[in-house]
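Below, each chain spelled out in residue letters.
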Amino acid sequence: MKHQIGRNVKPGKNMEIGSNVIIEEDVVLGNNISLKDNVVIRKGAIIGDNIIIGYIDIKPGQDATAEPIVTEIGENVRVRSGSVIYRGTRIGSNSMVGHNSVIRENTIIGHDTYIGSLTAIEGDTNIGNYVGVHTQCHITKFCNIGDYTFIAPLFVGANDQAMSHRRRTHGQDLIGFTTEKYVRIAVGVTVLPDVHFGEGCIVGAGSVVTRDVPPYKVVMGVPARVVRDASREEVVQ
Amino acid sequence: MKHQIGRNVKPGKNMEIGSNVIIEEDVVLGNNISLKDNVVIRKGAIIGDNIIIGYIDIKPGQDATAEPIVTEIGENVRVRSGSVIYRGTRIGSNSMVGHNSVIRENTIIGHDTYIGSLTAIEGDTNIGNYVGVHTQCHITKFCNIGDYTFIAPLFVGANDQAMSHRRRTHGQDLIGFTTEKYVRIAVGVTVLPDVHFGEGCIVGAGSVVTRDVPPYKVVMGVPARVVRDASREEVVQ
Amino acid sequence: MKHQIGRNVKPGKNMEIGSNVIIEEDVVLGNNISLKDNVVIRKGAIIGDNIIIGYIDIKPGQDATAEPIVTEIGENVRVRSGSVIYRGTRIGSNSMVGHNSVIRENTIIGHDTYIGSLTAIEGDTNIGNYVGVHTQCHITKFCNIGDYTFIAPLFVGANDQAMSHRRRTHGQDLIGFTTEKYVRIAVGVTVLPDVHFGEGCIVGAGSVVTRDVPPYKVVMGVPARVVRDASREEVVQ
Chain A
15 MKHQIGRNVK
25 PGKNMEIGSN
35 VIIEEDVVLG
45 NNISLKDNVV
55 IRKGAIIGDN
65 IIIGYIDIKP
75 GQDATAEPIV
85 TEIGENVRVR
95 SGSVIYRGTR
105 IGSNSMVGHN
115 SVIRENTIIG
125 HDTYIGSLTA
135 IEGDTNIGNY
145 VGVHTQCHIT
155 KFCNIGDYTF
165 IAPLFVGAND
175 QAMSHRRRTH
185 GQDLIGFTTE
195 KYVRIAVGVT
205 VLPDVHFGEG
215 CIVGAGSVVT
225 RDVPPYKVVM
235 GVPARVVRDA
245 SREEVVQ
Chain B
15 MKHQIGRNVK
25 PGKNMEIGSN
35 VIIEEDVVLG
45 NNISLKDNVV
55 IRKGAIIGDN
65 IIIGYIDIKP
75 GQDATAEPIV
85 TEIGENVRVR
95 SGSVIYRGTR
105 IGSNSMVGHN
115 SVIRENTIIG
125 HDTYIGSLTA
135 IEGDTNIGNY
145 VGVHTQCHIT
155 KFCNIGDYTF
165 IAPLFVGAND
175 QAMSHRRRTH
185 GQDLIGFTTE
195 KYVRIAVGVT
205 VLPDVHFGEG
215 CIVGAGSVVT
225 RDVPPYKVVM
235 GVPARVVRDA
245 SREEVVQ
Chain C
15 MKHQIGRNVK
25 PGKNMEIGSN
35 VIIEEDVVLG
45 NNISLKDNVV
55 IRKGAIIGDN
65 IIIGYIDIKP
75 GQDATAEPIV
85 TEIGENVRVR
95 SGSVIYRGTR
105 IGSNSMVGHN
115 SVIRENTIIG
125 HDTYIGSLTA
135 IEGDTNIGNY
145 VGVHTQCHIT
155 KFCNIGDYTF
165 IAPLFVGAND
175 QAMSHRRRTH
185 GQDLIGFTTE
195 KYVRIAVGVT
205 VLPDVHFGEG
215 CIVGAGSVVT
225 RDVPPYKVVM
235 GVPARVVRDA
245 SREEVVQ
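The listed protein sequences correspond, in order, to chains A, B and C. If you count the first sequence from 1, position 28 lands on 42 in the numbering used here, and the numbers rise without skipping. If you count the second sequence from 1, position 125 lands on 139 in the numbering used here, and the numbers rise without skipping. If you count the third sequence from 1, position 103 lands on 117 in the numbering used here, and the numbers rise without skipping.
One thing to keep in mind: the hints can contain errors.
[Unchecked claim] With a straight-line Cα cutoff of 30 angstroms, these simulated BS3-like cross-link-like pairs (lysine-lysine) come out:
hint, chain 1, residue 1, chain 2, residue 2
1, B, 73, A, 27
2, C, 27, A, 24
3, B, 24, C, 73
4, A, 24, A, 57
5, C, 73, B, 57
6, C, 155, B, 195
7, B, 73, A, 24
[To be verified] Among the chain A residues that face chain B by a calculated CB cut under 7 angstroms, a handful are:
hint, residue
8, 167
9, 168
10, 202
The hints are simulated quantities; they were obtained by calculation from the structure and are not laboratory data. C-beta: ideal position from N, C-alpha, C; glycine also.
Please model the complete structure; the sequences and the hints are all you need to start from.
This is how it looks when you write it as structure tokens:
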């Protein structure tokens, strides 16, 4: 199968399209889009200009594996211009990705979630439903982000306690952060590896979070400490 | 009127051009540029490759409003490659926008101002003349940036005290920061909502600014506190 | 000489190519690539989509100088989509540049080094071999980064102590940071101008570094202070 395009798809100019690509009905495509092998775009999605979906990182002399790994853009998802979505990533319905962002391999994103512009999601991470990861954030590999979590701009998380760059242990023991439901993280926050954010906790602007945050507590500072209780506010679906 | 192109315009390849577009004389256009409806590019401007001007964010099933909202790029403005400028934004003469930046709707930028690369301006914000907003900054919605202000890289401002993501109050009571003239903000600064920076104040590197800064004072730290007076140095126009 | 293309080069679509361009054998080129004058791409390099190499920043009414300044991409280098590499920059063999990054003029990068996505290197800087400058970092002008240095995401360095924006002294006395070998800098670190990082030192996450760091010491905090000795671990070439 070369590819399969549904009714009422609005094509852009200079599209490049791989094998086994499925584009469902009512999809809107911008210009200069590259869809690699095994990409599925569900109905009603809007894909902007200069976007690559299903990207594979190949080293010189290497060939892409022949494995039919699917990259899926859900129903009514919007991906804004200039972003790159790697192979094996799946984005749930009604979610959104901003401009010039990079979402690496095997990132699983739920429905009704947004990823801001100029944000990097490093891959092998699960992001829930109704989540907001705002602009210019860095989500390291091996994170779990719970439903309704909000992460404000210029967030950064680490996953390698030893910073083992070019050491023999490089790439071992990597572990990112985890958020339970309803977590809110303010602008400019830095998080160390393996931090657990309890349900409904709040992290103040500019904090450096070095240890777990208990549920429904507010933490702030460098390093972040508990300063008071967080209120329980109902979320809107 | 389809569009109107002045003398001595240097066109790029694969340009896409909407209705009611005006390109004045001596404009230089790169490749893969998309100019949406009602864009005006004043004389002598230089627009780089892979740029979208007049971008409208449309949700699935939605149509762009027919309102003739102008997006204006002033005389001799340079916009570097990969940037997106939303509908209703206006950039004054001799200003500059870096690579891969995002400037959202209804941002009003004065003359002789620069916006660095990889910076996000979230829209509904006024930026004065002779301003520098450097690389990888995040300017939230509803800010006012005074003339001659300098903001160093990796700045982030917040505008939602309650972080009301997915709460019933979402989008209410948003207010960003304000700078008077001659403010200087060093690298890596985080600012809470509704902070007022007095004329000629200086903010030290890595500060987290939680309250108003008096004129001609130097603040630094987490949270930022006044440490000394700032000198009054004449600026160059 | 117009340009010179080696055997087995895989071309992309819509390539724009200047004078005196050399593309050696086995190079793989993506779509919408712009190679300016005097670009050299060594054998086996992989250049992604929407990339500009040899970029010159020209002001309105100005012409590029006719000087034959070479921009060189080394053997087996990978440059991922959406990045811009300015004229006079040279990247050593087996190095890598991520997506949507900006590397300005006269940046000299060694071999086996990587520059992450969404990172800005401001130019006139030397970066050694086996270095990692991760995602969303800001490397200011006039830095020296030693071999095996690791810089984690959302790093920012300053180079202008006076923040002389629009003052008469603007652009004078600029000096960035220097790292010796084996330096490791964690996520979210801010560095003042002219800081020297001694061999093998470690900087903790979220630190603001205001003074020199002695060799084989661990510093952290705001401002960063020595907290203990760093271990000496052998690196892997």
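Structure-based check of each hint:
Taken as a hint, the residue 73 of chain B and residue 27 of chain A pair is honoured in the structure, with Cα atoms around 21 angstroms apart against an allowance of 30 angstroms. For a cut-off of 30 angstroms, the pair hint linking residue 27 of chain C to residue 24 of chain A stands: about 22 angstroms separates their Cα positions. For a cut-off of 30 angstroms, the pair hint linking residue 24 of chain B to residue 73 of chain C stands: about 15 angstroms separates their Cα positions. Among the hinted pairs, residue 24 of chain A with residue 57 of chain A is consistent with the structure: their alpha-carbon atoms are about 12 angstroms apart, no more than 30 angstroms.
With a C-alpha separation of about 13 angstroms, the suggested pair residue 73 of chain C and residue 57 of chain B falls inside the 30 angstroms cut-off, and the hint holds. Simply put, residue 155 of chain C and residue 195 of chain B have alpha-carbon atoms about 26 angstroms apart, close enough for the 30 angstroms limit, and the pair holds. With a C-alpha separation of about 15 angstroms, the suggested pair residue 73 of chain B and residue 24 of chain A falls inside the 30 angstroms cut-off, and the hint holds. Of the supplied interface hints, the one on residue 167 of chain A holds, with its beta-carbon coming within about 4 angstroms of a beta-carbon of chain B, less than 7 angstroms.
Restraint check, residue 168 of chain A versus chain B: the minimum CB separation of about 4 angstroms is within 7 angstroms; hint holds. Among the interface hints, the one on residue 202 of chain A holds; its C-beta lies about 3 angstroms from the nearest C-beta in chain B, closer than the 7 angstroms criterion.
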